Amino acid sequence: MDTMQTTELSRKAVTPTWATPVGVADERVRDVVRSFLDHAATGLGRATHYNDEGEVRAAEQRSHGDMLALDRGLYAAFLTLPGVTDRTRQLGVRSLLMRPRMGTGSIVSAGQELALVDDLLHELPATRMLRLLVSLRGKDESLGSGRVNTNRARKLVLRTLLRARSLDWWAVKYRDKLSTALTHAWGVRKTGILRSILGKEPARIGDKEHKILREEVDRWAPRAPVAWLRECVAYILGAERTAWSIPVFYKAQAAKTDLAAGQGLPLEVLQGIAATYHSKVGKAQLLELSKGSMSAGQRMAVQRQAKDAGVDVEMDPTRLEAVKLYIYAFEMGMTSPIERALDDKARKAALQFPFHYESVGVIVDGSASMFGSTTQKLRPMATALATRDMLLHTAGHGHVRYVGGVANPDLGRLVRPQGETNLASALLQMLRLRPDVIYVISDGYENAPAGRFADVCAHLKRIGIRAPIVHINPVVAAETSGVRELAPGLVPTLPMTKPDASGISLLRAMLDHEPKRVIDALLRMTSLPPRADREVLR
Amino acid sequence: MRLTVEDILRGTRTGRRQSVGVMEVIPLLGEDDETFAPPHVEVGTSHYGTVDLRNDDDRPTIVPPGAGWVVRQAAQDHAIGSGKLMRAGQSVKIDTARCIQQSQGGYIGRDKHPMVVLPAALRGRALAMRNETGYDKLWPDITRFNTRLGASTGGGGGHLEYFLRHFAKQLDEFVAEFELVPDQRGAIILIGGRVVGVELAPNQAFWRHVWEPLVRVCYGSLAIEVARALGERASVARPLRVIDDRLEGLEAALAEATSRERADVEAVVRRLAGLVLSQGAVDDQLGRWRARIVLTTVASPELAGQVARRGDEVRYASLCAAGA
Chain A
1 MDTMQTTELS
11 RKAVTPTWAT
21 PVGVADERVR
31 DVVRSFLDHA
41 ATGLGRATHY
51 NDEGEVRAAE
61 QRSHGDMLAL
71 DRGLYAAFLT
81 LPGVTDRTRQ
91 LGVRSLLMRP
101 RMGTGSIVSA
111 GQELALVDDL
121 LHELPATRML
131 RLLVSLRGKD
141 ESLGSGRVNT
151 NRARKLVLRT
161 LLRARSLDWW
171 AVKYRDKLST
181 ALTHAWGVRK
191 TGILRSILGK
201 EPARIGDKEH
211 KILREEVDRW
221 APRAPVAWLR
231 ECVAYILGAE
241 RTAWSIPVFY
251 KAQAAKTDLA
261 AGQGLPLEVL
271 QGIAATYHSK
281 VGKAQLLELS
291 KGSMSAGQRM
301 AVQRQAKDAG
311 VDVEMDPTRL
321 EAVKLYIYAF
331 EMGMTSPIER
341 ALDDKARKAA
351 LQFPFHYESV
361 GVIVDGSASM
371 FGSTTQKLRP
381 MATALATRDM
391 LLHTAGHGHV
401 RYVGGVANPD
411 LGRLVRPQGE
421 TNLASALLQM
431 LRLRPDVIYV
441 ISDGYENAPA
451 GRFADVCAHL
461 KRIGIRAPIV
471 HINPVVAAET
481 SGVRELAPGL
491 VPTLPMTKPD
501 ASGISLLRAM
511 LDHEPKRVID
521 ALLRMTSLPP
531 RADREVLR
Chain B
1 MRLTVEDILR
11 GTRTGRRQSV
21 GVMEVIPLLG
31 EDDETFAPPH
41 VEVGTSHYGT
51 VDLRNDDDRP
61 TIVPPGAGWV
71 VRQAAQDHAI
81 GSGKLMRAGQ
91 SVKIDTARCI
101 QQSQGGYIGR
111 DKHPMVVLPA
121 ALRGRALAMR
131 NETGYDKLWP
141 DITRFNTRLG
151 ASTGGGGGHL
161 EYFLRHFAKQ
171 LDEFVAEFEL
181 VPDQRGAIIL
191 IGGRVVGVEL
201 APNQAFWRHV
211 WEPLVRVCYG
221 SLAIEVARAL
231 GERASVARPL
241 RVIDDRLEGL
251 EAALAEATSR
261 ERADVEAVVR
271 RLAGLVLSQG
281 AVDDQLGRWR
291 ARIVLTTVAS
301 PELAGQVARR
311 GDEVRYASLC
321 AAGA
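Which chain is which? The protein sequence lines are A and B, in order.
Read in order, the letters of the first sequence are residues 1 to 538 in this note's numbering.
Read in order, the letters of the second sequence are residues 1 to 324 in this note's numbering.
Source of the hints: derived by calculation from the structure; they are not laboratory data.
Computed from a prediction, not measured in an experiment: that's the story for all the values here.
Don't take each hint at face value.
Said to hold, decoys possible - Only part of the chain A face toward chain B is listed, based on derived beta-carbon distances under 10 Å:
#1 D344
#2 S367
#3 G419
#4 R462
Ideal placement from N, C-alpha and C gives every residue a C-beta, glycine not left out.
Construct the entire structure; sequences and hints are all you get.
Here's what the structure looks like:
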């Protein structure tokens with residue numbers, strides 16, 4: 001590992017550009033922003049080892065509501081920060097669409113906000129983007145039950161979907177979701193009319209009907225070939241046609257009689273067709289037919305299935321996130337290519353990390369609770385291990401201590417969660433090694449006994465042993481409206497679910513001392529679209 | 001017959017004490033007896049006061065005393081007083097069960113519903129009435145329990161779910177804070193420094209299944225009562241005694257605290273081991289001859305509960321205090 005110079009974030013010249021709203025205390029600003037950043041960096045809306053899904057979501061909704069009430073512009077801008085989870089972006093876009101803009105003078109103009117929502121939608125993976133659009137009907141408990149049916153929301157749905165270059169591909173993969181979202185935007189009656197018109201032979205479509213199609217379909221994608229777009233919409237809405245000219249639609253149709261004709265269609269589409277028309281076809285044939293069209297994530301997800309079926313589906317570990325690779329390795333075992341990919345990702349993530357030292361100490365909590373919940377199986381541990389790898393690349397040399405957990409040569413770099421959480425003695429052992437900084441990666445629950453870590457930190461401070469200690473927490477805790485801290489007021493806590501996007505986590509740690517400067521620093525990390533009137537952030 | 005806690009703990013060793021707030025847990029470690037399956041049984045009700053259980057495993061199991069089922073159905077939640085030994089594949093009707101949701105009607109549809117274990121204060125009462133029929137007999141106790149903890153809502157009444165709802169967050173935290181350790185198949189539970197429970201399962205899988213309902217509701221309820229009396233931030237953890245203000249001094253203080261905690265655990269076990277439990281008549285039995293398993297109720301002024309034995313060997317024990 002290369003030795004690098006230490007960079008102190010606080011030395012950066014920062015010009016304040018955000019003003020606290022009148023009548024809001026600094027402490028309130030700090031608490032609201034901290035809670036939001038915790039959720040933004042770690043929020044997945046799923047149960048953890050400690051909280052059920054309902055609790056996590058309620059805490060998440062509160063945090064978004066508070067941030068939006070504090071400053072809508074700041075809220076919108078923060079959604080573009082690197083490292084913000086897709087779920088936070090989904091909830092953020094929904095919140096912005098649900099509540100009308102009031103007044104002027106926000107740091108994000110109305111035009112910027114529109115463009116920002118567009119950008120955020122396009123950056124989401126297709127499944128999450130579609131789920132968000134479908135949630136506007138108000139029937140998705142996970143994203144919120146409020147119905148959003150404003151003119152702005154309807155236009156957003158049509159603009160986003162009908163301008164998509166992959167609309168044909170999405171149509172075969174997510175037909176129901178697309179149909180639901182478009183029906184919500186057009187309304188049931190208009191959708192019925194469009195379905196009826198698009199079911200006709202082109203030659204039999206009348207002038208009045210052409211006009212309807214131009215106004216409702218063609219105008220949203222002026223650069224797309226009209227025939228292609230209309231056929232996509234026809235397919236999505238289930239218009240009655242006997243023949244399709246777009247290859248994926250043709251294949252999906254043909255596969256109903258001859259499954260082999262569907263080669264190259266997505267696995268889930270082939271599975272659906274096989275379940276209805278070819279009940280005797282096995283998994284192996286389906287995997288063989290679809291393996292050419294799988295995404296990197298899908299290739300990883302089907303490895304177990306493919307192995308059992310004896311089908312070779314190539315997986316490129318370099319195209320997957322480090323946390324996902326660890327979760328995969330826990331299930332399927334570690335391999336040399338995965339280890340190389342993890343090293344490479346850790347090295348790259350370390351370059352983004354603003355603090356570099358000669359030596360680092362990393363304490364990894366491998367206790368039973370780091371297993372996570374059944375829906376988030378091993379994610380906290382996988383995040384901890386990916387973070388460990390990244391931190392070790394931020395220094396000339398590093399030391400690692402595990403608390404609980406099973407780490408042995410057979411497991412390689414994996415640590416299986418197990419046992420109690422006794423962080424205090426690991427901290428003292430680490431101090432003996434005199435690293436420049438000590439990172440403690442833990443979910444923040446200590447029990448041997450609770451509070452012992454904070455007690456030791458308080459004594460260290462009292463007796464003048466000045467060791468920079470930083471707590472990194474990969475798990476959101478509903479009861480604290482953010483992440484759980486190990487030693488509040490003594491050790492800064494950074495929420496982190498993606499080691500390659502650690503910027504907001506680090507700034508979150510400085511909120512206690514300089515909330516306004518941190519907010520300005522965060523604003524500089526955002527990717528706001530330019531203001532239409534060339535106005536810069538005030 | 002005479003039984004001591006030492007007889008129950010025979011063949012186990014203690015793990016490192018875990019401590020959060022007023023609750024402490026000393027893990028009991030030992031070898032697994034795989035004869036028993038975890039009590040992951042199918043549950044339903046066919047009459048008020050009658051619980052139908054089915055063990056679909058190919059091994060026998062033991063349903064803990066005070067086991068209850070709080071379901072998300074329009075159905076009356078129920079609990080049992082005595083534990084139940086069940087053969088592989090056996091179905092039983094227990095007509096001495098109690099309703100724990102007074103003004104809710106409807107029968108529980110058969111399913112493997114998640115199990116709770118009654119709060120310690122109610123568990124003792126339910127055990128004392130284990131041979132009596134009458135679905136409504138626990139209502140006055142539940143009402144008093146809820147009132148004492150400030151968990152009565154609306155008109156009060158025998159609704160355990162009021163307590164579960166009122167303290168949901170704290171109860172969930174108990175589950176999170178105490179972690180299972182390797183080889184664990186039981187625990188000694190202390191609240192406010194006093195032993196309030198001795199729990200022993202035949203194997204680790206069984207223990208994993210019963211630990212959450214035990215710590216969440218049975219012992220969690222006691223911890224809530226004590227924390228309310230002592231204040232929210234009450235803790236039984238002892239602070240470090242640092243004499244030498246150097247890193248070495250801090251290490252020594254930590255080592256001293258660890259050894260003090262170890263000594264505390266040994267003292268607890270020593271004190272507890274001599275506790276004599278009187279035994280009642282046989283509550284349930286399974287098998288014959290040397291394979292016969294017997295479930296009996298045991299009690300002392302401090303702890304009461306049930307034990308399951310094969311010959312002289314205690315395979316399962318669940319003893320708890322009614323208060324802390």
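Problem - Earlier hints that do not hold, by number - result: Those not satisfied come down to hint 1.
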